[in-house]
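J.: Build the full structure now, drawing on both the sequences and the hints.
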Amino acid sequence: MNSNHVYDMLILGGGPGGYTAALYAARAGLDVLVLEKLWAGGQMALTHQIDNYPGFPEGVDGFSLGDSMRRQAERFGAVTIFTEVTKVNLLDNPKVAEASGERFIAKTVVIATGATPRHLELAGETELLGRGVAYCAACDAMFYKGKCVAVVGGGNSAASDALLLSKIAAKVILIHRKNTLRAEKIDEEALRNAGNVEFRWNNVVTALLHREKLIGIQLQDVQSGTESTLECEGLFISIGRVPTTQLFGSQLELAAGGYIPAGETTETAIPGVYAVGDVRTKPLRQIVTAMSDGAVAVHMAGEYLSSLQK
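So that you can map any letter, position 168 of the sequence shown is 169 in the numbering used here, and since no number is skipped, the others follow by simple counting.
Heads up, some of the hints might be wrong.
Claimed, not checked - In silico lysine-lysine, DSSO-like type, Cα no more than 27 Å apart, as pairs:
hint: 1; residue 1: Lys214; residue 2: Lys168
hint: 2; residue 1: Lys38; residue 2: Lys108
hint: 3; residue 1: Lys148; residue 2: Lys172
Honestly, the hints are just simulated from the structure, not real lab data. On a predicted model such as this, the values are computed, not experimentally measured, just so you know.
T.: This is the structure we're talking about:
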């Protein structure tokens, strides 16, 4: 790798937003590099069944979709390196990212680092990961075939996780601090019709009960304060995500929740730097909106690159 090579575009993250940007940039003739920490698709790759992505009447699994996006972008010349970025300098021109002892230099940067699961921050939570505590039903559901599991959360992710688990586990208890879900109505109806899903409204998880593995959880009713114990062998935590923006806070002012302020143009406060997908401030975080961001970012980057030549 030539550490002095200057790319037209450096994309940090290989999720749907990042690879859409890579595809559009490569097809536009730009010299583009994608740096991805884990695998193509990002968090999308952990989703077993995606039914709201257009063009797949029977749905598609996230890992296959992510890998297809990578191969399509690389077909037009985009390059992918699987490595973890540890430092960036977005204020310099050109911009610099460091990963695994290498320096990557580019005229523009697209931040597509996505988000990671939010934790309950309970004692033993980290230690019980893989021993009863999980954050991805698509990844770990099969370990709980025929068992009793709980899902905590009230949004689309929690409903989706509970629905998937209902097809594998003997019983699923969905725990939510309010008395209604925020999830889409079609998912809530499917849960109510599942037959093996129980709702625990107005409850929060206050403790994890375990020996070597999880054996149950302690709940508290948020209205009465009453505590109860629920025996279960698995707890799937689906209470939202935290944007992966820690590297950028010293150079970009972050909005509430740690998101990067960027409107529909995806432009950040730093010229030549764009935020796409789950990391930016936006009303809806979905695969299709991330992909839209990626396309827009390349359009804006093209105008920026043209201005550098004047």
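J.: All the hints need checking, so say for each whether the structure fits it.
T.: Against the structure, the hints come out as follows:
The hinted pair formed by Lys214 and Lys168 meets the criterion: a straight-line CA distance of about 23 Å does not exceed 27 Å. Taking the CA atoms of Lys38 and Lys108, the gap is about 21 Å. The hint holds against a cut of 27 Å. A C-alpha spacing of about 7 Å is found between Lys148 and Lys172, which places the hinted pair at or below 27 Å, so the restraint holds.
Violated hints: none; the structure is consistent with every hint.
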